Amino acid sequence: MVALDITDAAKTFTMHLRDGLRLPVVAGVNFSVAPGQCVVLAGPSGAGKSSILKMIYGSYRCDQGRILVCHGDAMVDVATAPPRQILALRRQAIGYVSQFLRAVPRVPAIDVVAEALGRAAIDDGRTRAGVLLRRLNIPERLWGLPPATFSGGEQQRVNIARGFLPALPILLLDEPTASLDSRNRDVVIDLIAEKKRDGVAIVAIIHDDDVRDAIADRVIDVNQFAAAA
Amino acid sequence: MTIAATEKPLLAAHELTKYYGRQVGCRGVSFALYEGEVLAVVGESGSGKSTLLQLLSAQLEPSAGHVRYRMRDGVTRDLAELGDAERRFLFRTDWGYVHQDPMLGLRMAVSAGANVGERLMAVGWRHYGDIRGTAMDWLARVEIETGRIDETPHSYSGGMRQRLQIARNLVSSPRLVFMDEPTGGLDVSVQARLLDLLRGLVAELGLAAVVVTHDLAVARLLSHRIMVMKGGEVIETGLTDQVLDDPREAYTQLLVSSILPP
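These protein sequence lines map, in sequence, to chains A and B.
Just so we're aligned: the first sequence equals residues 1 to 229 in my numbering.
Just so we're aligned: the second sequence equals residues 1 to 262 in my numbering.
One or more hints might be untrue.
[What the hints assert, rightly or not] DEER-style ranges, computed between Cβ atoms:
hint : chain 1 : residue 1 : chain 2 : residue 2 : range
1    : A       : Met1      : B       : Leu82     : 47 to 53 Å
2    : B       : Gly158    : A       : Gln64     : 23 to 29 Å
3    : A       : Ala42     : B       : Ala80     : 57 to 63 Å
4    : B       : Gly158    : A       : Asp73     : 49 to 55 Å
5    : A       : Ser179    : B       : Glu7      : 38 to 44 Å
6    : A       : Thr80     : B       : Arg92     : 38 to 44 Å
7    : B       : His14     : A       : Arg84     : 17 to 23 Å
8    : B       : Tyr128    : A       : Ala120    : 31 to 37 Å
9    : A       : Ala120    : B       : Ser30     : 28 to 34 Å
10   : B       : His127    : A       : Glu140    : 43 to 49 Å
11   : A       : Pro108    : B       : Asp150    : 29 to 35 Å
12   : A       : Gly36     : B       : Arg92     : 18 to 24 Å
13   : A       : Pro44     : B       : Asp245    : 43 to 49 Å
14   : B       : Glu233    : A       : Asp73     : 35 to 41 Å
These are calculated hints, taken from the structure and not from any lab test.
Predicted model only: the values in this text are computed from it and were never measured.
C-beta atoms are modelled at their ideal positions from N, C-alpha and C, and glycine is treated no differently.
Take these sequences, add in the hints, and give me the full structure.
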């Protein structure tokens, strides 16, 4: 059984403002992830690790190949799914912790996290968001403030709480520990271990060797997906 | 749970075209909008986005093509075939229309309370206390001091007027709201407040909306999907983050790369 199955996926950017310059990002991406498994994408900056996560999440279009995601009883191909289906996948199947928090003016940190469960469940969401924020050592006096003025590490922890709150079968992590101190890094390692025990399939980009060793079931070198220029 | 294949769109445009004489307003626009979905229409001035909004809301007659809307009884109708009474019903209750200039969407000579209450009276509310109570609730929801309910919008600031216009539109529980540059002409701080309010209300009420804007930040914050228009035609569509993070067409790439980061 697989939660995520990628076959021969490829992506090229065409820069029209640079005379149609074609910038190949990745090609021949092949791997699959089972429930409860954590796959870490490795490789130097610019190798296309984040692009692969964005292709799985549907924010980058996939030019070629298939990205099959388990959604209920069906496998849905993100590469060809219509926008409404991708939105449904994001509500019900795929979570994503981006590299940086996109702060919305005026929304307090606790709601930034709680909203991940949907506006309808905001009260329950706030209770559970509080539990996560406390675990991630965000002091309670900050919960009511919009995160725009928080430090980089605090913003990243709010972002992690937001991504980890909903119980979704697939979780994509883009350098979740990059700006964290060792204490908070350990919390994130624990959170990831819990998700794996719950059967969540994880694809992560991690530069820190200790974190990688702690969470990875498999490391995939993204260099093998380098697209021929 | 997956998306239901049987679900029918709320609003569907098919090959919608409008000529002003020989000038193209918009040409060949087709799309479907489902309940709870927010679509942003972006493009520069003259790209045809306002024409499109007027066609969709039956304020302009198309030169070709048609718009279908699923009425509250579940029957999908062609807007061009609706009678006057049915069209009035849509405007007064099932639809909202938020103008860029609140003076176009408000009645400036009557009180804020009456501006909100008017749409309730149009759907048959007669009890003065109920109407005033509901108007009061809505003023509070859009963050207007309820003590100012008896003032006319003349005494309100631009941001307050825009919020009042939103209350007036939403009080009748519409299923679909059209917005024409809802934050245009407002100070940045006032814009942020309005956007946050709109974002909350749209999500809470499960509204479907078509938002015309030239501001990509507004599109990013409010919409699920984006349609990019240029020269009267739709040149690119997709999920909001797809279009903004991975723009495909030359013009969309130009739009996205022209934003100055703060």
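Against the structure, the hints come out as follows:
1. A:Met1 with B:Leu82: 47 to 53 Å: holds (52 Å)
2. B:Gly158 with A:Gln64: 23 to 29 Å: violated (49 Å)
3. A:Ala42 with B:Ala80: 57 to 63 Å: holds (59 Å)
4. B:Gly158 with A:Asp73: 49 to 55 Å: Cβ of B:Gly158 to Cβ of A:Asp73: about 52 Å, so the range 49 to 55 Å holds.
5. A:Ser179 with B:Glu7: 38 to 44 Å: Roughly 42 Å apart at Cβ, these two residues keep to the hinted range, so it holds.
6. A:Thr80 with B:Arg92: 38 to 44 Å: holds (41 Å)
7. B:His14 with A:Arg84: 17 to 23 Å: holds (18 Å)
8. B:Tyr128 with A:Ala120: 31 to 37 Å: Holds, at about 33 Å.
9. A:Ala120 with B:Ser30: 28 to 34 Å: holds (32 Å)
10. B:His127 with A:Glu140: 43 to 49 Å: At roughly 45 Å between Cβ atoms, A:Glu140 and B:His127 fall inside 43 to 49 Å, so the hint holds.
11. A:Pro108 with B:Asp150: 29 to 35 Å: Cβ of A:Pro108 to Cβ of B:Asp150: about 33 Å, so the range 29 to 35 Å holds.
12. A:Gly36 with B:Arg92: 18 to 24 Å: violated (55 Å)
13. A:Pro44 with B:Asp245: 43 to 49 Å: With a Cβ separation near 22 Å, A:Pro44 and B:Asp245 fall outside 43 to 49 Å, so the hint is violated.
14. B:Glu233 with A:Asp73: 35 to 41 Å: Holds - the Cβ-Cβ distance for B:Glu233 and A:Asp73, about 40 Å, lies within 35 to 41 Å.
Hints 2, 12, 13 from the list above are not met by this structure, while the remaining hints are.
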